[in-house]
Amino acid sequence: MLRRLKKVTTVAAIIATFSLVQTAKAEDYICTFQKICYDGSSCESARPLELTINETDENRHVVTFRNNSAFPVMRMKDKMPGIVAGTEAYITQLRNNTVHLITIFENGEARFSAHSYLNGSISNASRGHCMAHSPV
Amino acid sequence: MGKFWIISATFSVFGMANVLAAENTDSGHSCSFPTRCYEESECQNDENFSVLIDEQDGKRPQINLPKSSIPAIRQLDINNPDTMNTISYVSDIFLNTLHLITIHEDGSARMSSHSFSDAAFTIESVGFCVPK
Chain A
1 MLRRLKKVTT
11 VAAIIATFSL
21 VQTAKAEDYI
31 CTFQKICYDG
41 SSCESARPLE
51 LTINETDENR
61 HVVTFRNNSA
71 FPVMRMKDKM
81 PGIVAGTEAY
91 ITQLRNNTVH
101 LITIFENGEA
111 RFSAHSYLNG
121 SISNASRGHC
131 MAHSPV
Chain B
137 MGKFWIISAT
147 FSVFGMANVL
157 AAENTDSGHS
167 CSFPTRCYEE
177 SECQNDENFS
187 VLIDEQDGKR
197 PQINLPKSSI
207 PAIRQLDINN
217 PDTMNTISYV
227 SDIFLNTLHL
237 ITIHEDGSAR
247 MSSHSFSDAA
257 FTIESVGFCV
267 PK
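Those protein sequences? They're chains A and B, same order as listed. For the first sequence, our numbering gives the first residue as 1, with consecutive numbering after it. For the second sequence, our numbering gives the first residue as 137, with consecutive numbering after it.
Source of the hints: derived by calculation from the structure; they are not laboratory data. Hints are not guaranteed to be accurate.
With a Cα cut of at most 25 Å, we get these calculated PhoX-like pairs of lysine-lysine [said to hold, decoys possible]: (1) Lys77/A / Lys195/B; (2) Lys79/A / Lys195/B; (3) Lys195/B / Lys268/B; (4) Lys77/A / Lys203/B; (5) Lys79/A / Lys203/B; (6) Lys268/B / Lys203/B.
Bound-form chain A, shown alone (with noise of 0.2 Å):
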């Protein structure tokens, strides 16, 4: 009898850990981003831009654009909290001379960069804000 009640017990921790731990990753974002500004000159409010940011079954994560272009992204987390806490940022690969960066504060508002190069090097900066939702 005691060896059951222990072998059911470990089996309740096991689960209960497990779902610790799917609770943990269930930290996706769904981020706007209402005025844009080019190279530090001229801001505009242009069509909003829209993005999600999930973390897939292999603990990566990635961030997907309005027009479905996905690209993975490295999550980066405060080493140590000022102001606030549980500041973090997402960074996507460099490719093709281009670079994002989003970074999301514990209030939900967000800052969004792009650097590239066309002509000539370019950046635009945006700012918005970040909502975590569970993934379905």
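Following the hints, put chain B in place on chain A, whose structure we already have.
Just chain B now, with coordinates in the frame of chain A:
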């Protein structure tokens, strides 16, 4: 410039192959960003804002700002061999702040700093870098 080699490695955090580079001598970039733009306000000119990027064998690159030094990750362009000279550095996040510096083949460079004070803000910087 010293002897240079490239280490191809699996950039596991990305989940695909990437190329990291290292040099066997102290190297890096010396950058100047005379134009700095805070959020959506007008840009300011500050000729003295310089950033040093140090790279030493076996160590992570360091982004040296006027008042702090932050470890960084370096990326080379994975897609286009013709543009392998584009380099990007992203710092660790410390005190709600991180920096992205991208240097192109012609030396032109962009730096984005994301941070949080009373609210989130961005400083976008325009400048150039030269190899140390």
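Here's how the hints hold up against the structure:
no. : hint                : result
1   : Lys77/A / Lys195/B  : 20 Å, holds
2   : Lys79/A / Lys195/B  : 18 Å, holds
3   : Lys195/B / Lys268/B : 17 Å, holds
4   : Lys77/A / Lys203/B  : 22 Å, holds
5   : Lys79/A / Lys203/B  : 18 Å, holds
6   : Lys268/B / Lys203/B : 20 Å, holds
The structure is consistent with each of the numbered hints, conforming to all of them.
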